[in-house]
Amino acid sequence: MSEEPNHTQLAVIGGGPGGYAAAFLAADLGLQVVLIDPELNPGGVCLYRGCIPSKALLHVAKVLTESREATRWGIEFPEPKVTLEKLRAWKEGVVQRLTGGLGQLSKQRRVRYLRGEASFVDARNLKIKKPGGSEEQLGFHNTIVATGSRPAAVPGISLASPRILDSTTALEIQDIPKTMLVVGGGYIGLELGTVYATLGTQVSVVEMMPGLLPGVDRDLVTPLAKRLEGLFRSVMLNTKVGEMQEQKDGVRVKFVGHELAAPEGVFEKVLIAVGRKPNAQVPGLEKTKVELDQRGFIKVDLQRRTTEPSVFAVGDVAGEPMLAHKATHEGRVAVEAIAGHKVAFEPRAIPAVVYTDPEIAWCGLTEEQAKQEKRPVKVVRFPWAASGRALTLDRPDGVTKLIIDPETESVLGVGVTGSGAGELIAEGVLAVEMAASAMDIALSIHPHPTLSETVMEAAEVFFGNATDLYRPKK
Amino acid sequence: MPTEFRLPELGENIEAGDLLKVLVSVGDIINPDQPVLELETDKATVEVPSPVYGRIREIHVKEGEKVKVGQLILTVEDGAQGLAVAREEKPEASRVAPAAPGPVLVEMPRPEVAPPVSAATPIGALGVPGGAPSALGELFDLESAYVKPGSAQAVQPRQLAPAAPSVRRLARELGVDINHVSGTGPGGRIFEADVKAHAKSLISQPVARAGAALPAAALPDFTRWGDVERQAMSNVRRKTAEHMSYAWSTVPQVTQYDKADVTTLEELRKRHGKRAEEAGGKLTVTAVALRVVASALKIFPQFAASIDAGRNEIIYKKYFHIGVAVDTDRGLLVPVIRDADKKNIVELSVELAHAAEKARNKKLALEDMEGGVFTITNLGGIGGTAFSPIVNAPEVAILGISRASLEPVFVNGTFQSRKMLPLSLSYDHRLIDGADAARFLRWVAEALEQPFLLPLVG
Numbered sequence: 021m022s023e024e025p026n027h028t029q030l031a032v033i034g035g036g037p038g039g040y041a042a043a044f045l046a047a048d049l050g051l052q053v054v055l056i057d058p059e060l061n062p063g064g065v066c067l068y069r070g071c072i073p074s075k076a077l078l079h080v081a082k083v084l085t086e087s088r089e090a091t092r093w094g095i096e097f098p099e100p101k102v103t104l105e106k107l108r109a110w111k112e113g114v115v116q117r118l119t120g121g122l123g124q125l126s127k128q129r130r131v132r133y134l135r136g137e138a139s140f141v142d143a144r145n146l147k148i149k150k151p152g153g154s155e156e157q158l159g160f161h162n163t164i165v166a167t168g169s170r171p172a173a174v175p176g177i178s179l180a181s182p183r184i185l186d187s188t189t190a191l192e193i194q195d196i197p198k199t200m201l202v203v204g205g206g207y208i209g210l211e212l213g214t215v216y217a218t219l220g221t222q223v224s225v226v227e228m229m230p231g232l233l234p235g236v237d238r239d240l241v242t243p244l245a246k247r248l249e250g251l252f253r254s255v256m257l258n259t260k261v262g263e264m265q266e267q268k269d270g271v272r273v274k275f276v277g278h279e280l281a282a283p284e285g286v287f288e289k290v291l292i293a294v295g296r297k298p299n300a301q302v303p304g305l306e307k308t309k310v311e312l313d314q315r316g317f318i319k320v321d322l323q324r325r326t327t328e329p330s331v332f333a334v335g336d337v338a339g340e341p342m343l344a345h346k347a348t349h350e351g352r353v354a355v356e357a358i359a360g361h362k363v364a365f366e367p368r369a370i371p372a373v374v375y376t377d378p379e380i381a382w383c384g385l386t387e388e389q390a391k392q393e394k395r396p397v398k399v400v401r402f403p404w405a406a407s408g409r410a411l412t413l414d415r416p417d418g419v420t421k422l423i424i425d426p427e428t429e430s431v432l433g434v435g436v437t438g439s440g441a442g443e444l445i446a447e448g449v450l451a452v453e454m455a456a457s458a459m460d461i462a463l464s465i466h467p468h469p470t471l472s473e474t475v476m477e478a479a480e481v482f483f484g485n486a487t488d489l490y491r492p493k494k
Numbered sequence: 008m009p010t011e012f013r014l015p016e017l018g019e020n021i022e023a024g025d026l027l028k029v030l031v032s033v034g035d036i037i038n039p040d041q042p043v044l045e046l047e048t049d050k051a052t053v054e055v056p057s058p059v060y061g062r063i064r065e066i067h068v069k070e071g072e073k074v075k076v077g078q079l080i081l082t083v084e085d086g087a088q089g090l091a092v093a094r095e096e097k098p099e100a101s102r103v104a105p106a107a108p109g110p111v112l113v114e115m116p117r118p119e120v121a122p123p124v125s126a127a128t129p130i131g132a133l134g135v136p137g138g139a140p141s142a143l144g145e146l147f148d149l150e151s152a153y154v155k156p157g158s159a160q161a162v163q164p165r166q167l168a169p170a171a172p173s174v175r176r177l178a179r180e181l182g183v184d185i186n187h188v189s190g191t192g193p194g195g196r197i198f199e200a201d202v203k204a205h206a207k208s209l210i211s212q213p214v215a216r217a218g219a220a221l222p223a224a225a226l227p228d229f230t231r232w233g234d235v236e237r238q239a240m241s242n243v244r245r246k247t248a249e250h251m252s253y254a255w256s257t258v259p260q261v262t263q264y265d266k267a268d269v270t271t272l273e274e275l276r277k278r279h280g281k282r283a284e285e286a287g288g289k290l291t292v293t294a295v296a297l298r299v300v301a302s303a304l305k306i307f308p309q310f311a312a313s314i315d316a317g318r319n320e321i322i323y324k325k326y327f328h329i330g331v332a333v334d335t336d337r338g339l340l341v342p343v344i345r346d347a348d349k350k351n352i353v354e355l356s357v358e359l360a361h362a363a364e365k366a367r368n369k370k371l372a373l374e375d376m377e378g379g380v381f382t383i384t385n386l387g388g389i390g391g392t393a394f395s396p397i398v399n400a401p402e403v404a405i406l407g408i409s410r411a412s413l414e415p416v417f418v419n420g421t422f423q424s425r426k427m428l429p430l431s432l433s434y435d436h437r438l439i440d441g442a443d444a445a446r447f448l449r450w451v452a453e454a455l456e457q458p459f460l461l462p463l464v465g
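So the sequence lines, in the order shown, correspond to chains Y and B.
Taken in order, the first sequence gives residues 21 to 494; the numbers are from this note's numbering.
Taken in order, the second sequence gives residues 8 to 465; the numbers are from this note's numbering.
Just so you know, these hints were derived from the structure itself, not from any lab.
One should not assume that every hint holds.
[Said to hold, decoys possible] Here chain B is said to cover these stretches of chain Y; the calculated rule only asks that three of the stretch's residues, wherever they fall, bring their Cβ under 8 Å from a Cβ of chain B: (1) 84-97; (2) 424-436; (3) 455-464.
[Claimed, not checked] Residues from chain Y that keep clear of chain B, each with C-beta distances beyond 10 Å, as calculated: (4) T28; (5) V115; (6) R129; (7) R132; (8) E266; (9) D313; (10) G442.
For glycine and all other residues, C-beta sits at the position ideal for the given N, C-alpha and C.
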């Protein structure tokens, strides 16, 4: 039976990067907070089934790749032996350490962590079903819905089989299949495809759009696409999956498209990575005035308040881009708004990183977007072949580009492809957020020899005087 | 079947408007009467409601564009098809009212009663400001990719002012719209000091805000003293009120008065009046004044200029379109006579008669009322000895004409009966000095006194 009804100033539903960041800040601001999530500790998809485990595996993939490439430098290793149990245990260890840490942080901040599934009774009350089956009613002054997202299915094709993986099951690495088809050439498919291919699986990717990573500037994608040609068995563009059938030795997949390399194929495993769907179907949400938009996201304003004044929503459930760091920032904005501060979620730049090899990262305005908006911009590029640091890493396959306002010369966007691009993009975010000009970047001394110099030299390209790149005068 | 939604009649014979805002995006489900566009016509801003229910397949217009009545605005997948797609993936779609069968022309609701757009809608629905989102949207969302790349996120992200996050936060705390602050840094970068200075200026001059709506002052309860009746302002009245407030609060104006001896001109008008009538016009003082002013503007170009305060520049216009205030039963309208410097007085009289006729019959198009560099307002037909017109900003001067009357004038040692025409010139003192105004008005008066001056030097 239900316990004594209780009440809190803020109830946060969902313990992912949006939810726990919100709960922690709220506690820091002196609010009484309850954080609700079905898992043992906070963390959400990002820590349990997303960013963190995939990055652990991608790090392993990188080490494997480098050990193989070392032959070029006169170092030869025998073919490595992969012990899956140990690999899984290490990955799980990372996850547990991080999520356990978040549990600790909750306690230290006196955030009440309530394990269970929340449903709305009305716009002021929740009911939480706990793992043991008992229920608790919780009144709140404000609530933040941070329920995240889940992998999307391919419309029209449903096949329940252990051979069909989504990002969650793929991260478990049950085995290393001989062949795998990755449906979807977006970042999740390419990252996981990279992991499996490096571990020895023959990976094929099918993507319905004419290029990998649709929406990303093509010049950023090209170096990756070239490298993947060697890593993957095949990349089928302009191709859709028409039909899937399970048979003894695998899944038979029929392809639809104009220029098919093969009309069908049999794959031991198929990974569906066609995007994610918001988890907006919180039970009882219909008892509030919360509204969804046509794509299923919860509608929110600049403070992340929904159409129900006591309810806020942050993270994947509140709109694109579905990225952990965007959720965290939104969570903090929502809490500050609840605490009565005049705040708004109005970033100039939200960075995105694809952790493939090479990595791709960008923030702010992209070249493609500028084209669509017919906004005049000046784009400058610095190829990594001219970077000393890139050559010492034997990785000249990269480019750093700046998208610059031709009138004010301020940096509107930054894009990087190359080893470690994900780390480099932070400088780009700072530049865009601070409205730095190309001159500001060109005049800031960057350490030598580092990859970060490519950002400075790209800015120098804007003025036609990059040290390590000669461009004949027009 | 897709339905085409064209811009309906907007009433009061408005034929076009500037598209201020598209309130929906591709993929949205719209309901009948839901506002889809915000349109600014010459006299008011109106929200254009959708006549149909359905999912938007394509938006054919862009913000900032001029949109004409009958122009294709949206393609909407209506009825069963749009609804079926919607139901499949969205629980909220089932709550929506059933589809209207096809395009229906609905009457424009008055803006006063049009449903306000929910402030909560735009951000979640339209995507996040900033760079990466739209690209990522495609990465993540297969369904939108299956339709058309970028279609779901086609809405342009809001451009943010060049200011650091801490400065933007300060602006929010001070209640300052960062987009209104002009930055003193390189490339217009906004610093903390700029925000504070802006906030200070707002406090010290609360009224002087360009384009502001009517300042709403607290009103007493008039019914304490007797019966009152409340009426909604007509669009024309509202726009006039807004524009006058804007002009009055932005332009430091001065009025210069003068009188022109039009005894000779009156004789000429009588003698040649027939010609104008035959051509279909009327040889009025205003028609003559149009030609005189056009010539004066060529000699005194700063009277046909505008001030770009943001850039500290003066814009000199090399065309001489002149607006003429016309009193109609709907209020004040200002049709513009094109190239007044290239037409003779008879031609101008004909055009003026047509323009006035169109204004009174609600036939004026938006284009007929824009592009003026100077305005003439003649109240002489009604009476009065003088008045101070308000400069029709961003123009910098306006000529007021009152009723001519016979006056004793001391000429060559004796008093003579002369017909004197009172003139008043209000001008923007930021650009025009008093002496220039006196010279300009004197030139106009002399040209009216000695019509020979026109062909001679005009």
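Status of each hint after checking the structure:
Only residues whose C-beta sits within less than 8 Å of a C-beta in chain B count toward coverage, and the region 84-97 of chain Y has 0 of them, not enough to reach three; the restraint is violated. Counting residues of the region 424-436 of chain Y whose beta carbon lies closer than 8 Å to any beta carbon of chain B gives 7, which reaches the threshold of three, so the coverage claim holds. With a threshold of 8 Å between beta carbons, the proposed coverage of the region 455-464 of chain Y by chain B holds, since 3 of its residues qualify and at least three are required. With a closest Cβ-Cβ approach of about 24 Å to chain B, T28 (chain Y) is found to remain outside the 10 Å limit, as its non-interface label requires.
V115 (chain Y), annotated as away from the interface, keeps every beta carbon of chain B farther than 10 Å; the closest lies near 23 Å. The beta carbon of R129 (chain Y) sits about 24 Å from the closest Cβ of chain B, which is more than 10 Å, so the claim that it is off the interface holds. Distance to chain B confirms R132 (chain Y) as a non-interface residue, since its nearest Cβ pair spans about 29 Å, more than 10 Å. Even its closest Cβ contact with chain B, about 22 Å, leaves E266 (chain Y) beyond 10 Å, as expected for a residue assigned away from the interface.
Some Cβ of chain B comes within 10 Å of the Cβ of D313 (chain Y); the nearest lies about 4 Å off, and the non-interface call is violated. At roughly 13 Å from the closest C-beta of chain B, the C-beta of G442 (chain Y) stays outside 10 Å, upholding its exclusion from the interface.
The structure shown violates the earlier hints numbered 1 and 9.
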